[in-house]
Structures are given as structure tokens and as C-alpha cells.
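Peer 1: The chain contents come next:
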Amino acid sequence: MAKINLQNIQKSYGNNPVIHNLSADIEDGELIVIVGPSGCGKSTLLRMIAGLEEINSGEVIINEKRMNDLEPMDRNIAMVFQNYALYPHMTVFENMSYGLKIQKTPKDEIISRVNEAAEILELSELLDRKPNQLSGGQRQRVAMGRAIVRKPDVFLFDEPLSNLDAKLRVQMRLEIKKLQRKLNVTSLYVTHDQVEAMTLADKMIVMNEGNVEHIGTPLDVYQQPKTLFTAQFIGSPAMNILNGRVDGNEIKFANFKTSSAISFNGDVYFGIRPEHLTIDKEGPIKVQVEFIELIGSNTLIHCRIQSSNEIIVVSVPGIVEENLSRKEINLNFDQSKIHLFDQKNNMRINQN
Amino acid sequence: MEKKVFFRGWFLPILLISPQLIISIIFFFYPSGQAISNSLYLPDPFGLSSEFVGLENFFFLFSDSYYLSSFVTTIFFSTSVSVLSMGLGLYFALLADRIFRGAGIYKTLLIWPYAVAPAVAGVLWMFLFSSRIGVVSWYLGLLGYDWNHALNSEEAMGLVVLASTWGRISYNFLFFLAGLQAIPKSIIEAAAIDGASFWKRFRTIVFPLLSPITFFLLVVNIVYAFFETFGVIHTITSGGPEQATTTLVYKVYSDGFVGQDLGSSAAQSVILLVVVGLLTVIQFKYIERKVHY
Amino acid sequence: MIERNKKGYFMSHLGLILGIVFIFFPVWLTFVASTVTQEDILQPPFPLLPGPHFFENYSYALFEGTPEGYGNNIPVIKLLINSAIMALGITIGKIIISLLSAFAIVYFRFPGRKFFFWLIFITLMLPVEVRIVPTYEIAAKLNLLNSYAGLIFPLIASATATFLFRQFFMTIPNEMVEAARMDGAKPMKFFIDILIPISRTNIAALFVILFIYGWNQYLWPLLMTTDPNMNTIVMGINQMIPGGDDFGHWPTIMATSILAMVPPVIIIITMQKFFVKGLLESEK
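Chains as they are written, first to last, in the working numbering: chain A, 1 to 352; chain B, 1001 to 1293; chain C, 2001 to 2284.
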């Protein structure tokens, strides 16, 4: 059970700043996903919270206690690593009990805790095996078991599913979510996979190049992204972004106009998700179809606005029978689902 | 190539390195330093005091025909042993790589000589060629050839080279075998399809691909022949006849311990230090990885 | 390597067999010599098959040494024990200090670390033969002549094993150390509970190589033991061999030679896999 407060965290490697002034608050029992592309600083942030990296300035506070100068083992946290980091010469049981042994936990308590965790993770049959006798998914579960037995205040996950194949990843995702719900332990989960982030998070921290782009629930992040980066990073296929200019009551684009309900003048980025576009003979956006992706559950139609050479992707549910290749069509959009970003600072412009 | 992860604190690591540090200082650095300083002095005949003579010991050595010939002896000796033991090692490796069954057994049977001390190897071969009782020398006598390596310097050198080579084949065999087995079969097969015969393949593909190992072994073997063969020489010929088989290392021993000429022996040590240092630097510069910190 | 013809195989096997004959030939004759009498040896033609005196010669050599008048009568068993102590001392000593040093270099940052690294790097360059005279003097000053400590310590000074372990430690994933830190393991606990068990095969490989190196030492024991009771078996053989016109007692010399070869050969054959691994990896 833990509340985490991150205040003005900064980190540099030499002259190279990697985290700029990051602040966030995490409530007890939440599963927070820190998501962003490679190199955005998410793993570094996690490791600073774990105590594996020095914090150049700022504070990490867990349950009102300042953690900056404490060793990892004194912070009452547990971590699950990307490549499991199991001790190859120890059995599953020994791997899971090592931390407890060091803390001089009495033997029967060790046995009961390990058995308890093994049952939750379905590892009870595997306790005598060594890591090289286990499959990838099993090893991952042992890594989690090692974290669970410690009964920590906080779980830290560092891209734990990256080394698994796609199918296993989907399966394990659900298990992690269920597990966290069951144990109700505050968890910080780092991943670069935005689907993982969306499905697991109670709240998300979207990071890019050491900066926080958006902190919010998945719904919030998806429906009202605060920055251009967030808008394009979350959601697959990615949001369409067009160049536009606000002039009084209108937003002007390359080959169409729309009315504006914002008190802002200047260049904007106009965002609309593919699933919020429709093919409409009367629609304002004239495009030429370039190619079509038949997913099955939906169809992605890649189009180009000739005058501005901008690409726009439409997602149509189901299968589109008609052969639209190279045809010129018109698109329409749901006015309530548009996103506007100030081109000067890539920040969301809220509509009145 | 530094490890990113480390433990904090400085007291423990310094404690951990102290055994090695202390032993190195006492038994390596201090004696080496002594060798260098001794080389600049000439002890008097009674061993009571020494006179600083600067580089005189070195100058004397380079004008001493015995010393210069021991240089030649050493070069000849190490080259012969290296070439012969590498050649035979390569030959056996090629054969072992070629057969299917029994390769493991041959391997075991060919590597155990590594366990035999050079000094013992010397005894074995000396026994075979002993002019009075040796089996080989007796049969040579029957053929009309009078073998006596105590008198004939070519025979002495030959025997010493033979004994050292005998002990050295295993090492080279192992490395060459590993090198051959590391060559992807697909390359060989592609060449065979292109019509290359065994020897052509060897010359144009296998041997070039083995060249890093070959170079490495050459340097290692030469360094080995410099030092670890003291035992062979001491047991078979004691450096004779008339210093014909006295290598540089042997001379350091015989001048220093037997002849008690400390200044000269120390100077010789210093020269050896430089030569080996150079060889080692070459070895490491070529095999980059160890040097990277 | 592709040709599957019978002739190719036959020639290969033949070549290998000839190689084995060449390798075994001196040892075989030595063994034969150790099983016959002195007279048999002195009177050519030399026997090519073993004689009947195996037990006699070996037990005499082991427990009585050389016969009267043929050299110093130290029972060979004492020589074997001395060699064993020296070899094991060098092996275990070197492995322990190298593990400690490599651990310190890789997993800690401390002042002088780089300096220490290059310092011990230099020790790779010079085997004991180059510094024998002053090393002898130091050993004498420290009263180490004719002692086990004197046989052992100067030979653990070089840092080959340290660099081997260092290289191996560098390949261990960082996460393992971090997981251990999170589990609460202090450095030495990490070292003993995790690092050393993981290094098992490397330690075994090094054991084989160092044991052979230690057992086969010749020059250094030769210099620093004047008391025949402290002789090692490899150098002790030399004492049995005649200089000048004396005859040695050849059956004893040969038996001793065989005995000198047995322990390292046994180790290399039983631990062949480790040995090969150790050798190949140590030179990379």
C-alpha cells in the first residue's frame, strides 16, 4: 500500500539531460503505466524510483518518506526485470526465497509465503526446477513470484513482457492486470507498447525525450490528448494530423474549411482519428485513395490530399467490397471528435 | 566496456584487491625493480659491495660473442619449435576435423602431452637418445651413425627442438581444431561446389580464415619457447655443448646462479623484459579486447 | 573435408594414428624402462616390452627412493606430496585472489582502480624466469627458501586468472546484480551466493590449467630448494640423473618420471572438457 510522489525529478548523464523536471502523484493501489518510445527516459525514471540510479535533483517520496538516499533494499519495493534476472544456479523456490533469506525471515514463513505466491502464479509444480528448465512465460512468472513474496509497498515492472512472443504477451498482460487487482499493490509499469499501456493502466504517464507529455487515465489520454506527441503516440492506427490555420471563425486547410469554436488565432495541427472519418459523397475533404489494408475486422484506406500532399487514413468497420483503389472520394468527420494543437508549442487547444 | 552497475563504497574493494596487490608488489614489482637496478651495478668478486657502472653491463653483453650467439640460438630454437609444433598441430587438426567417428578419442589421445612438464619431456627424450643406453641412438648406431648430443652441437639442438616440439603439439592442435570447427560448413561446401579440391580449398579459404589464430599461436609459441623450455634444455644438455643450446633465459640462469655474475644476469633479465614486453604488446594490440578498459 | 571416399578416411586415420604413435612412443619406452632392471637397460638391445618388475621398482622408488650411491634417497612419495602441495597451493591461491580482485575491479568504483588494473596488467608480461635472481633474493630475505610458502607465493603473482574472471564477470547481465541488490544482498553476499556459483565452470577450467602449471614448475623449485626433502617430483628427477660419467639408476628415474606425469595427465583427461574450454577462452 503506498502513495508515491515524484517532485521535480531531474537526471543527466554527464552533460546530457535525460529527464527534465518531472512531477507526478500516484495513489495507493493504482497500476500506473509509464509509456513512451525508446530513449524517452521511462526506464531511467523507474530505476531512480527503485534506487538503482542516482537522482540528480528532485525527490522521490513513498508514503511520505523521502527515498532519495535509501538503498533499494531499504525502500520496500520489488522489481520485475525485462529479462527476468533469475539466478541460474538456484531452483525456482530458492530464487523466490533469496530475498527473504537475506532479511532473515523465519524458515516456515518463507515456505508459506513462497507457496502462497506459487499458487497464485501457478508455479507450485515447478518449485524444484532450475530456470533453464522453464519456458519464457514460466520464467516471467517466477520473476513476478520473487517480487510478490517480498510483500513490498510498490511493484516495479521494467518492460516485463518484451521478451515474450505476441500471443503469450497478450495472455500475460491479462494475468498481470488480474494479479495487481487481487493484491492491490501500487505498481509502476514501464513499456513502449501503447496497447499494453492502454489495457493495463489505471493511469498513464506518457513520456517523450525526458518530458512528461500527459498524465491521465487511458480514456482521457485517448480522447483528450494534451499534446501532439500523445495524440500521435496513443492509438493504432495513429491519429491523422493535418496542417490548418485558424482565422476568426474558420479553420482553413489545404482543400477544405471547417467552422471553429475556439478563441484562438494562428496555425494549428488538426487531429482526427481514422475511426472518426467516414466516406461521404457530400463530405468536405477531397482525397485520392492510394491503397487499402484489409484487416478483417475493419478496413484501412490510405488516402492523399493532392493539393497539400498530406496523407489521411480512414478506418471503416468491416470489409469494404467496392474497389476504391486510385479513386477520388470525399471524406467527412465527426465534429465532436476533432483535436486541435497550437503549432507553436504542440499543446492541445481546448474547445469551448 | 565498463559495467554500468556497481556497488557503492571504497573500503571493501580495496580490501579485496590487497592480497593480489601485496603479492604482486613483493614478488613481482620489487624483484623486477631490483633486476633493473642490479643491471646498472657491477658487484665486486667478493660480493661485498657494488659499483655503479651505468649501462656498461649492457654494452659488454652486446659485445660478448657468447651472449650474441645465445640470441641467435634463442631465435633459431623458438622459430623451429613454433613452426614444427604449429605445423604438426595444424596437420593433426585437419585430419581430426575430417573424420567423423573417433575424433573424440583422437582428441583425448593427442592433448594429454600438454600435462607433461617440459623438464620431464626432456628426460624422456634424453633417455631415448642417450649415447650409451638410448634406444634410438643404439639403432642409429646399427645403421652406422654415432649419435652423441653431448658432443655434437647440431644433434644437441635437434634433440632439444624435438623434445620441445613433442610437448607443444597438443596446444596448437587444440586451437587449430577449434578454429577449423568454427568455419561454417557452408563456406567449405560452396567452394567444393565451385570445384575446388581439398588443397585448393585449404590454401584459398581455410588457411586465410585461420590466420588470426595462426598469428596468435605464433606469438604465444614464440613466447613459450623463450621461457617454458628452460626445463628441456637444463635436463638434456645443460645449455651445451659449449653453450650451443644456451638460450637467453638459460643464460640468465647460468650466469646468475651458476656463474654468480649478478650484474650481467640482471642486465640480461632487463633485455629479456624488453623483448617479451614488446612481444606481449604486439599480442595484445592485435587481440584488442583485453586491452580495452 | 567433403570427400567421402574411403581413401581419404583411411589416410586421415593413418595420419592420426602415426601422430599418436609419435606422441606415445617416448612414454611407452619410459614405462618399459621402469619395469625392468638396471642391467637390462645398460645392455642393449633395449627391451621394447614391459618387464616383470613393475611393482618392485615402483614401490622401491616410492618408499625408498634411489638405491645407495645413485643420488639422494628421498622416497618418491615425499616428492609427490611436495608437488601436490605446491600445485594445489598455487591453484587455489591464485583462484582465490583472482576472484577477489576481479570482483573488486568489475563491481566497484574506487580510487586507484584504473591504476591497479594497469599495474596487474603488467604482471601478465613477465613470467618468473625473467626475474629469477632478485625473486630468489627476496625469498631468501623473507626466509622462504626450502618452504612451501616460498614455492607457492612467487608463482601466484601474475594476473592471468584475474583477467579471465574479469572478462567473464563482464558478460553477466546487469539485471542479475540489480535483482540481488533489490533482494537486499550486500556485496559479499552477492559474491558468495551468486557470482561464485555462476562462475563454476570457469573456476573448474582454471583449476585444470593452473594445477598443471603449478605441478610442472621446474626452474623455481630447482633454485629455491636446497634441502632434498623439499624437492618436487618434476625437479627431483633431475637430481637423479647423472652428470658426467656417473650412471643413474634408470629404472628408478623412469619410474619417477612416469609418476611425475600421472597426476596432471589424470586431471587433464578426467576434466578434459573444462580444460579445453579454459584454454580456448583464456586466450581470447
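Take the hints with a grain of salt, since some may be wrong.
Stated by the list, open to error - Chain C residues, not near chain A, derived (Cβ > 10 Å throughout):
no. : residue
1   : 2017
2   : 2038
3   : 2183
4   : 2269
Stated by the list, open to error - Lysine to aspartate or glutamate pairs mimicking DMTMM-like chemistry, simulated, CA-CA at most 20 Å apart:
no. : chain 1 : residue 1 : chain 2 : residue 2
5   : A       : 252       : A       : 159
6   : A       : 257       : A       : 193
7   : A       : 65        : A       : 53
8   : C       : 2006      : B       : 1056
9   : C       : 2186      : A       : 322
10  : A       : 104       : C       : 2281
11  : C       : 2277      : B       : 1154
12  : B       : 1107      : C       : 2193
13  : C       : 2189      : A       : 334
As the list claims (entries may be wrong) - Part of the chain C face toward chain A, derived, beta carbon under 10 Å:
no. : residue
14  : 2007
15  : 2068
16  : 2175
Hints were generated in silico from the structure; no laboratory data involved. Where is the CB? At the ideal position from N, CA and C, for every residue including glycine.
Peer 1: Would you pick out the hints that fail for this structure and give their numbers low to high?
Peer 2: 3, 5, 6, 8, 9, 10, 11, 12, 13, 14 and 15
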